[in-house]
Amino acid sequence: MGFLHRHRGLTPYLLLAPGIAWLALFFLVPLGFLAYQSLESGSIDFGYAFNWAWGNYWDAIHNYRRQFIRSFEYAGIATVLALVISYPVAYFIAFRGGRWKNLLLLCIVAPFFVTYLIRTLAWGTILSDNGFVVRTLHDLHLLGSDGRLLATSTAVVAGITYNFLPFMALPLYVSLEQIDSRLIEAAEDLYASKLQAFLRVTLPLSLPGVVAGTLLTFIPAAGDFVNAQLLGGTKQHMIGNVIQAKYLELIDYPAAAAMSFVLMAVILILVLAYARAVGTEQLTG
Amino acid sequence: MSAVATAARQRPRVGARAWAFTRHHALTVYSALFFLYLLLPIAVVMVFSFNNPSGRTNYTWERFTWDNWIHWDDVPGIRSAIVLSLEIALLASVVATVLGMLIALALVRYGFRGRGTTNLLIFLPLSTPEIVLGASLVTLFLNFNVVFGFWTILIAHIMFCISFAVVTIKARLIGFDRHLEEAAMDLGANEWATFRKVTLPLIAPAIFASLLLCFSISVDDFVVTYFNSGNEVTFPLFVWGSARVGAPPQVNVIGTAIFVVALGAMLINILLQTRRSKGAE
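If you read the protein sequences in the order shown, they are chains A and B.
Reminder that position 245 of the first sequence reads as 245 in our numbering, one-by-one numbering, no gaps.
Reminder that position 46 of the second sequence reads as 1046 in our numbering, one-by-one numbering, no gaps.
It is worth saying that the hints were derived from the structure and are not from the lab.
For clarity, every value in this text was computed on a predicted model and none was experimentally measured.
Where a beta carbon is used, it is the ideal one built from N, C-alpha and C, also for glycine.
Treat the hints with caution; some may be incorrect.
Unchecked claim - A few chain B residues that don't get close to chain A, going by computed Cβ distances all over 10 Å:
1. Arg1013
2. Trp1066
3. Arg1172
4. Thr1199
5. Pro1201
6. Pro1205
What the hints assert, rightly or not - Straight-line alpha carbon distances no greater than 20 Å define the calculated SDA-like cross-link-like pairs of lysine to any residue that follow:
7. A:Lys101 / A:Asp180
8. A:Lys101 / B:Gly1264
9. A:Lys101 / B:Leu1272
10. A:Lys194 / B:His1024
Stated by the list, open to error - Pair ranges (Cβ atoms, derived):
11. A:Arg135 / B:Val1108: 51 to 57 Å
12. B:His1025 / A:Ala192: 19 to 25 Å
13. B:Arg1113 / A:Leu190: 46 to 52 Å
14. B:Leu1200 / A:Ser41: 50 to 56 Å
15. A:Tyr191 / B:Trp1019: 19 to 25 Å
16. B:Ile1268 / A:Phe95: 24 to 30 Å
Excised from the complex, chain A in its bound form (with noise of 0.2 Å):
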């Protein structure tokens, strides 16, 4: 304590140390790693020998642009479903939740609990051929009597969606109750409708929520493979079934290593480009 006493200045590092190591040996350094198997050439049998070999990423890009199109479609789509969905909820709790606000948020938060896997794996009981959802939509004549859910874009769209419902909301729902309720009182005070003065405080003041629940929502629904191979096809694939099965099923590192960082730059791009469009900057925290 005397040697923290007499260099103060150094206490700040001293407590950032274990956790920052962590992260730099464990995130930082494996990113390094990444990035140099995917310009890597060679076979599992005769080893990989690094040769700047650029043509990783653009047979990445070129072989598998259907999944990756895919993918950003599915993920576009869900992010957009669940803001929608989730909207007026997270305004239900906020504005009108009084003593019940932390029950429905625990209810939001609730499918956290079942393990991920397992409720994908319910979704594809309700979505089953015999399931009650497809007899209804048959009885309604609104699927083909040989029609099905399962292993159709519309249920992994579905399954991406539920799973990451919870990103969406509590954003929202945070967002939405800072907001000062005098302010909404003043906009109709000064004579504007109820759907004014949502449109021109309330919406406005909740963009923090809704840009942090998109990327929230957006980021893992682009890379996730667990909905695609549960409760889709092959004609479902995203790049990350691709991803998955190069890495660990063909053993071919350096494209599944290159397919990685095509990923993660088009998101940071689409990202970057949401984030000014949106004009927040509440992306750093």
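On the provided structure of chain A, position chain B as indicated by the hints.
Chain B only, in chain A's frame:
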């Protein structure tokens, strides 16, 4: 004549009232439907833990049985998978919470060079897809010929839990009155005594929340673990493996049990917090 006039006058009023009623309650009804949708798969998991499937797949309801609950470990490998998951989650949540608390203290209490970089380093793992986290760690371990198993899983879990711990504890540290700590120091307490007697009790709820959060993230993790587990099988990996041939109803039993325990812990946390805030009033 007059009756007709009254009816004519009343009709729009009834219509308007019905419209007002719908408008006022539309949000409530919609929210109720939303929660129904949110909780539906959980109900399915619970109900199917009591199913007695005739074939290998537990997809259609056959008939009620207690067997799956009584013989919950009657599936080879399920017990060791659960034990491994609990061990990893316990260790990972404790280590990550301690490391995260130290980082949060440094970030909130001290001004120092490199603060922005530190914030960025905390934020980055949260905004990286899990599959990239998993893939890059595999590459590291392969390069150094590390044997995959318990330790590689634990290292990975601590890594992705740290950021969540920092965020949780930082929020609480920002929220509380620094004067309390200064008062303790003025009264002659040194930094360590101040931390132990003032800071720690004040951020205890955040530490508990961080432990809960890290534990549940770790127990639930599939993607990163899948890449770094070698031959070890955690519970999510067990589910993944069994899903290919049809998950046995015991999987639903464990899923239900985890849900009930986690929900109970959260309820206790909420109750403690409401009581604490009531006591403060």
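So, going through the hints one by one against the coordinates:
Even its closest Cβ contact with chain A, about 21 Å, leaves Arg1013 (chain B) beyond 10 Å, as expected for a residue assigned away from the interface. Residue placement check: Trp1066 (chain B) keeps its beta carbon more than 10 Å from all beta carbons of chain A (closest about 20 Å). Separation of Arg1172 (chain B) from chain A is adequate, the least Cβ-Cβ distance of about 15 Å exceeding the 10 Å criterion. No beta-carbon of chain A is positioned within 10 Å of the beta-carbon of Thr1199 (chain B); the least distance is around 12 Å.
Every CB of chain A lies more than 10 Å from the CB of Pro1201 (chain B), the least distance being 19 Å, so the non-interface label holds. The claim that Pro1205 (chain B) is not at the interface with chain A holds, since no C-beta of that chain comes within 10 Å of its own (minimum 13 Å). A distance of roughly 17 Å separates the Cα atoms of Lys101 (chain A) and Asp180 (chain A); the hinted pair therefore holds under the 20 Å criterion. The hinted pair formed by Lys101 (chain A) and Gly1264 (chain B) meets the criterion: a straight-line CA distance of about 17 Å does not exceed 20 Å.
Proposed proximity of Lys101 (chain A) and Leu1272 (chain B) is supported: the alpha carbons are some 15 Å apart, at most 20 Å. Distance hint between Lys194 (chain A) and His1024 (chain B) is fulfilled; the C-alpha atoms sit about 12 Å from each other, no more than 20 Å. Between Arg135 (chain A) and Val1108 (chain B), the C-beta spacing of about 55 Å keeps the proposed range 51 to 57 Å intact. Distance hint check: the CB atoms of His1025 (chain B) and Ala192 (chain A) are about 23 Å apart, consistent with the given range 19 to 25 Å.
Against the hinted window of 46 to 52 Å, the Cβ-Cβ separation of Arg1113 (chain B) and Leu190 (chain A) comes to about 48 Å, which satisfies the hint. Distance hint for Leu1200 (chain B) and Ser41 (chain A): a CB-CB separation of about 54 Å, consistent with the stated range 50 to 56 Å. In this structure the hint that Tyr191 (chain A) and Trp1019 (chain B) lie 19 to 25 Å apart at CB holds, the actual value being about 22 Å. Between Ile1268 (chain B) and Phe95 (chain A) the C-beta distance comes to about 28 Å, which sits within the given range of 24 to 30 Å.
In the structure shown, no violation is registered for any of the earlier numbered hints.
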